[in-house]
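**Q** Here is how the chains run, residue by residue.
2 protein chains.
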Amino acid sequence: MGQGQSIQPISKVADQAGQFGARAAKLAMLMRIGLPVPNGLALSFDATQRIGRGESLSELPKTSGFVALRTSPGEAAWGGVPAMLNLGVTSQTLPGLEAKLGRKSALDVFRRGIMSYGVRVHGLDPEDFENLYYDQLKLSKTLTETGLEELVKDSLALYHDEVGEAFPENPDKQVQMALRAMVKAWSTPTARILRMAKGAPEEAPLGLMIQKMVFGLGPENGAGALQMVDEGTGASSITGRFLPDALGQDATTGLRTPHLATVIEREAAGQTLPSLEEMHPDGLSLLKSATTAATKVLSDAQRLEFTLIGPNIHVLDAIPARRTSRATVRIAVDLAKAGVISREDAVLRIEPGHLAESLHPQVDPYATRTVLGTGLAASPGAATGKIVFTPEAAQAAQSQGDPAILVRFETSPEDIRGMHSAVAVLTVRGGMTSHAAVIARGLGLPCVVGASDLRLDLRKGMLTTAAGETLVAGDIITIDGTAGQALAGAPKMTQAEMTGAFTELMNWADEMRSMGVRANADTTQDAEVARNFKVDGIGLCRTEHMFFQDDRIDSMREMILANSTESRQDALAKLLDMQRKDFTELLRTMAGMPVTIRLLDPPLHEFLPHSEEEIATLATAMNLPVEEVMARAEDLHEFNPMLGKRGVRVGVTMPEIYEMQARAIFEAVVALQAEADPPVPEIMIPLVSATREVELIKDRVDAVARDVRASSGVAFAYDIGVMIETPRGALRAGDIARHCTFFSFGTNDLTQMTYGLSRDDAGRFMRDYVNLGVFTEDPFHSLDIEGVGELVLLATSRAREANPDIKLGLCGEHGGDPASIRFCKIAGFDYVSCSPFRVPIARLAAAQASLLSR
Amino acid sequence: MGQGQSIQPISKVADQAGQFGARAAKLAMLMRIGLPVPNGLALSFDATQRIGRGESLSELPKTSGFVALRTSPGEAAWGGVPAMLNLGVTSQTLPGLEAKLGRKSALDVFRRGIMSYGVRVHGLDPEDFENLYYDQLKLSKTLTETGLEELVKDSLALYHDEVGEAFPENPDKQVQMALRAMVKAWSTPTARILRMAKGAPEEAPLGLMIQKMVFGLGPENGAGALQMVDEGTGASSITGRFLPDALGQDATTGLRTPHLATVIEREAAGQTLPSLEEMHPDGLSLLKSATTAATKVLSDAQRLEFTLIGPNIHVLDAIPARRTSRATVRIAVDLAKAGVISREDAVLRIEPGHLAESLHPQVDPYATRTVLGTGLAASPGAATGKIVFTPEAAQAAQSQGDPAILVRFETSPEDIRGMHSAVAVLTVRGGMTSHAAVIARGLGLPCVVGASDLRLDLRKGMLTTAAGETLVAGDIITIDGTAGQALAGAPKMTQAEMTGAFTELMNWADEMRSMGVRANADTTQDAEVARNFKVDGIGLCRTEHMFFQDDRIDSMREMILANSTESRQDALAKLLDMQRKDFTELLRTMAGMPVTIRLLDPPLHEFLPHSEEEIATLATAMNLPVEEVMARAEDLHEFNPMLGKRGVRVGVTMPEIYEMQARAIFEAVVALQAEADPPVPEIMIPLVSATREVELIKDRVDAVARDVRASSGVAFAYDIGVMIETPRGALRAGDIARHCTFFSFGTNDLTQMTYGLSRDDAGRFMRDYVNLGVFTEDPFHSLDIEGVGELVLLATSRAREANPDIKLGLCGEHGGDPASIRFCKIAGFDYVSCSPFRVPIARLAAAQASLLSR
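Protein sequences appear in the order of chains D and H. Take 1 as the starting number for the first sequence in the working numbering and just add one per residue. Take 1 as the starting number for the second sequence in the working numbering and just add one per residue.
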């Protein structure tokens, strides 16, 4: 581009955002459809750079009239530098302005022009100018013409004193100096850092505009903003604010109470000031048409910034209409239905994570918050209730109809009943994939974990904030699991709302996505939740969660501590009955869909009692001496349970447990053979690190299947697959793939082992690590593409080479994270599996991944 | 090879081991140098296969005289099928035999021939034949000629009854049938499995020999075996056994007491039977010459199996002389010095792991063992002492001059003093790299860990064996850390002996190796041990071990629990003084050699007291309420300490600790600047998983260096490197390598994380896993080439690409494992680092790796 084109009329640059910036191009588009945007000159990125180097732009036409300078950055999201208004006013041009606005307004514009020029170009203190203004106000309540004349004189004197020369009478010089000041402001380190945080590159391009001033001064005039969608819901609704006798900037300063847009809006707000509709009905009509037109041409609901002069309107800017996350869905769907955007665009426009706002009650975005403590936003949504410190107290509260918030150091399997009874959970320890976080997400309970600025003393029954405030059982608090905050009292809430627009959007997303979305569901209840969220199957049923209910844990413990084959067989027989029933119900609930059942995973000691009292009870029940039970429990103790005897290691060394589980699954399948769509269960082996483990377990499971087929006479089908969750499992994926029909990547454990980082212990320093930039993000939240991701890709390519038909999925917590889902789509996965409550998010993210990889 | 060559005179096949098997070729070589080996025919692998397929070998010459069949497997190590003697004896050929041996001996040979043919060819019960023999013995004390005639008649009758036809009178038929029987015996599943355990392929080739019988029957004749090196020490020494009036096989049956070889040997054994030297001085002379000649041509000390007839000898076989591992060294060195083999061959011939026998006292290989319990052979050598159950009791025993054996569930850092005072350690839990195992190897203490068949009850002070035997404190036991056994009482021991031959071999090895061998040494004492073992430097100084001594642990605890910056700084200042002194001593001890110092690695809670009493003491010392100390200790608790806040994670989040350590190192370096060879320390950052961790720590360490340089005026040098021990560290090696000058692979942790397997918890099922073939070997013992090894290779290639000058080493326990050392050589490592007591093993293994990769 030659220098000749570096300055253009704004109206000509609609297609040149790449040279003149997003805002100039946008204004040009609005002009092109006939909206009354004040015209002027657009300066290209190149011209701006020359200004930055100190050149003066010789090709810049002489300034005519009164102008405003505005920035037009390369991308709208980066934000710009505030506009400079009222340039071109001098002692010479003042009479022309007087003719237009009257003497008082003209003087006020002049005074403002001197101040803003002094402050922005020469760095003078705005307070000094404001003091002159307030000095005059002391003399008379409203500024008189004489007062304004004094003020202009004083301002010019202040300027002269501080700058060392007179206020420039030459409009061209004003503009040149102001352009330079704006470029300088764009280049400060602070502005640079703020921009980069919004995604701008280090050298972000900037365009500038020299625009004709439109003065909304005078009683019949004014300035304001208007949008035609409701900020909270996204529904059609005209809202706005209008300030008579004002420049555009005044409308946002809050010094005067603005008028609202319509009678409806005014009455809803209980305001008596007349609405814009009542003051300027024709103006409002024009504004509505303009907003509709802008929305169409800019493909999104707009908020119009305007100046009203007499019966006419002037459009200063059109920015995306203000909206909550929830409103975003409604707006996008409505735009697509109106044909303004395509359905694909509507689907791409929604940040999947923001769907959570629709799925759960939330603290009202406008409510006042008193933050007691901050932790990790482990499970979204908000709930208010009274503090309880034990699962028993949570159950007691529930039975009395009191909502309870369970507060613990962290939770363990024994707390599950308490969690079921609570409305929210708060822990002072633990990370995004700690027990509390995982279970809460599964239950759809708001949850904050790792709130390490709170001090919990269970002995005293006290929770102490960093500020020293003490809370006790029964105190009312609110858990905001979306923000990761514990709040005092009961702030205003918004309710969950899976509206028509939500459903419509999800249906479109399902049509567009190619990757399956399954749920991690352990119980029939979980499975029902998942079905309601239109899931494609179960990707992970953690069978151990079935063993924690009252009657079952006893049999489990007897099995673990049995000291004879007979007593072990007895206990296993009882567990077999329970598991068969579990699987029959689960498979029936999920009829017609795939269900992946993971064989027992945790180390056996997780099932044993911890307190002396419980141990004594168990010893009595088992007719064993207490010391014997304690010694055996102690024998099973592990230093690093995560890296201990669990998963397939239990299966290999105590094969009867997996055999029992396989039998329960197959007998359930036999029981369901008469149904319309008999199930084909997918049996998954956890924690594999060596091929031989798969061979050994597969042999045994196949033998059980033969046995059940022979005794039942039913020729059912099943699949055997492997959970890839150790780095070695990933490295040896080629060998392992030859022995199974599917892989599911357990990216929770794979992340733990790849980093050498326990998810339960990482919470303590994860925030420090993310703040210091050691990790760009919590790797338990969003898949670490560079490290864990490399292992996943390596495993998938080796697995496909060895077994081209292998089915690939992911069932870690990452299955509900949009960035991780995009990664899975690129890796060519067949499905992702996530917590039931994240299914809609994953469905949307999967659709976006499909659209983006088209 | 045509069928024509498939049968050759044995004497012709010296260079055809690949067709006729190792034994036939060996016998041919002995014949070639003129040794009197009975000649005969060698049948090729091909001929043997044809026999196996049921073909009869038409080209086989007619049998002449009396023959023996012997196998000649593809490799000597596989073992063969027992020989079949005395073939060709029939009623027709008996007279010829009588002429040779006299009637009685001839009848005896016939009887033996019938029996062995019946048993081996037709599967008759040998007991039936033996009963006939004992029936005759009942009639007269020694068998008379008539008795023998009866016995032959009865044997022929038994044969006829059982087989259903007469004993074959045709020698050719005997040989054909016997050949078939031997091939069949070679092919049984049991024989196949036993062979494969010795490294044979599934289809292992076999040759056969039809050899002229040499009968050592008659009073002037006999059979025996002789070797000219001492079995226990490898020194020159003539030892052997001789049985007059015997066939070769009889010499090994133990039915009669054999005569020994020399007067010296006889007298040493207190035996009155005349020695071979006294009975057949000329025969012994011939045998000595023959053994020397065989040793030379077969390049190893031999044990000659011979038959003596009149003044002549016949060599039946020459097999490697019997020897203990310790004797192997002496024999190889002596052979090299005698020019029989090269020094390289001598170095290659020693199994490095067997050096341990020379480095430590051992249970005498011939002693009787009463095994109390079995565990993992965690640290080699053996020691006898009385049982103690606490570190305090070990110290008390030491002060009274009593050797003590410390018996624990497992050890923790607090047991270190007790381990120093004990002569051996036994734990009932833990794996090859558990705390007890690692420390014991470092101290050179015999140690058995994970002896899970023992039951320890510390409350009752009782150790119970699987057999129910109970041991208490004070009982004498012996720990055999080489075999992994706890033994009752005090069996006979052999003493450590790093003889001249040992030293000589190690010197040769050092000349041949290109890879450095460093030691993992934490203290000056460790460093001195390592220097005595001729180490090349320290590859890993674990600074945390410096903090467990009495006065230091207090300051460490104060630092950890400090609740103000001042008190933390006070504690750090005390620790700085101690560390500076530690490093000064260590660096001085290792003058002229590289020393790698790892910054603090364990999680801080490892330093805190556990018992309530200790916590109370600490609280008093720190002037804090007990609850406060308990609460803070509880705050630091971790579920999976191995994957917790440790290593660089502590360094990043509490930078003052690493700063203190860096300062201590640099100030030590400054203090040693006047020495001849001022040290250049290598500072190593542990547990890195992200590049940014290295940047952050490097910045801080560099800043401390600048500060110390400025204040001291000394321009010292240092290196900064990274311990690669997380899978992610290995994957991101390219980025990380740009920020450091060396990598040391911490393969203990890398193995833990790659497998998702805690070394402390793996002991419980490792044996099952190895037995089931899930793991071919304990991956904590020998590096898992397929999984962990792939990560190491991937990291080295990425690191070298990013930083071609990077120095690469390994400092896990694998640094002392020969197979892992070979892997390191192939990967192009600069050094390995291991426990001080494994340094000689590593030096030898490194030399072998160099020789093998030439």
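Hint data in this document are derived by calculation from the structure and do not stem from the laboratory. Please note that a few of the clues may not be correct.
DMTMM-like mimics (lysine to aspartate or glutamate), calculated; alpha carbons at most 25 Å apart, straight line [claimed, not checked]:
1. D:K212 / D:D128
2. D:K460 / H:E628
3. D:K100 / D:E149
4. D:K534 / D:D334
5. H:K460 / D:E614
6. D:K460 / H:E634
7. H:K460 / D:E613
8. D:K141 / D:E162
9. H:K460 / D:E628
10. D:K581 / D:D719
11. H:K698 / D:D778
12. H:K460 / D:D719
13. D:K460 / H:E627
14. H:K460 / D:E612
Ranges between beta-carbon positions, derived for each pair [stated by the list, open to error]:
15. H:H610 / D:T370: 34 to 44 Å
16. H:D510 / D:H610: 54 to 64 Å
17. H:A631 / D:L772: 20 to 30 Å
18. D:I826 / H:D699: 45 to 55 Å
19. D:K198 / H:K698: 47 to 57 Å
20. D:H354 / H:P625: 42 to 52 Å
21. H:R738 / D:R588: 43 to 53 Å
22. D:H354 / H:D635: 57 to 67 Å
Note that beta-carbon positions come from the ideal geometry of N, C-alpha and C, so glycine has one too.
**Q** Each hint needs a verdict: does it hold in this structure or not?
**A** A quick look at each hint next to the structure:
1. D:K212 / D:D128: 28 Å, violated
2. D:K460 / H:E628: 13 Å, holds
3. D:K100 / D:E149: Holds, at about 18 Å.
4. D:K534 / D:D334: 23 Å, holds
5. H:K460 / D:E614: 23 Å, holds
6. D:K460 / H:E634: 16 Å, holds
7. H:K460 / D:E613: Measuring from Cα to Cα gives roughly 22 Å; hence the hint holds.
8. D:K141 / D:E162: 28 Å, violated
9. H:K460 / D:E628: This hinted pair holds, its Cα atoms lying about 13 Å apart.
10. D:K581 / D:D719: Roughly 20 Å between the alpha carbons, so the hint for K581 (chain D) and D719 (chain D) holds.
11. H:K698 / D:D778: 23 Å, holds
12. H:K460 / D:D719: 52 Å, violated
13. D:K460 / H:E627: 11 Å, holds
14. H:K460 / D:E612: Holds. K460 (chain H) to E612 (chain D) sits at ~19 Å (cutoff 25 Å).
15. H:H610 / D:T370: 34 to 44 Å: 40 Å, holds
16. H:D510 / D:H610: 54 to 64 Å: 56 Å, holds
17. H:A631 / D:L772: 20 to 30 Å: Because 27 Å falls inside the window, the suggested range holds.
18. D:I826 / H:D699: 45 to 55 Å: 35 Å, violated
19. D:K198 / H:K698: 47 to 57 Å: 31 Å, violated
20. D:H354 / H:P625: 42 to 52 Å: 47 Å, holds
21. H:R738 / D:R588: 43 to 53 Å: Check failed, 57 Å falls outside 43 to 53 Å.
22. D:H354 / H:D635: 57 to 67 Å: About 35 Å separates the Cβ atoms of H354 (chain D) and D635 (chain H), which means 57 to 67 Å is violated.
Violated hints, in rising order: 1, 8, 12, 18, 19, 21 and 22; the structure is consistent with all others.
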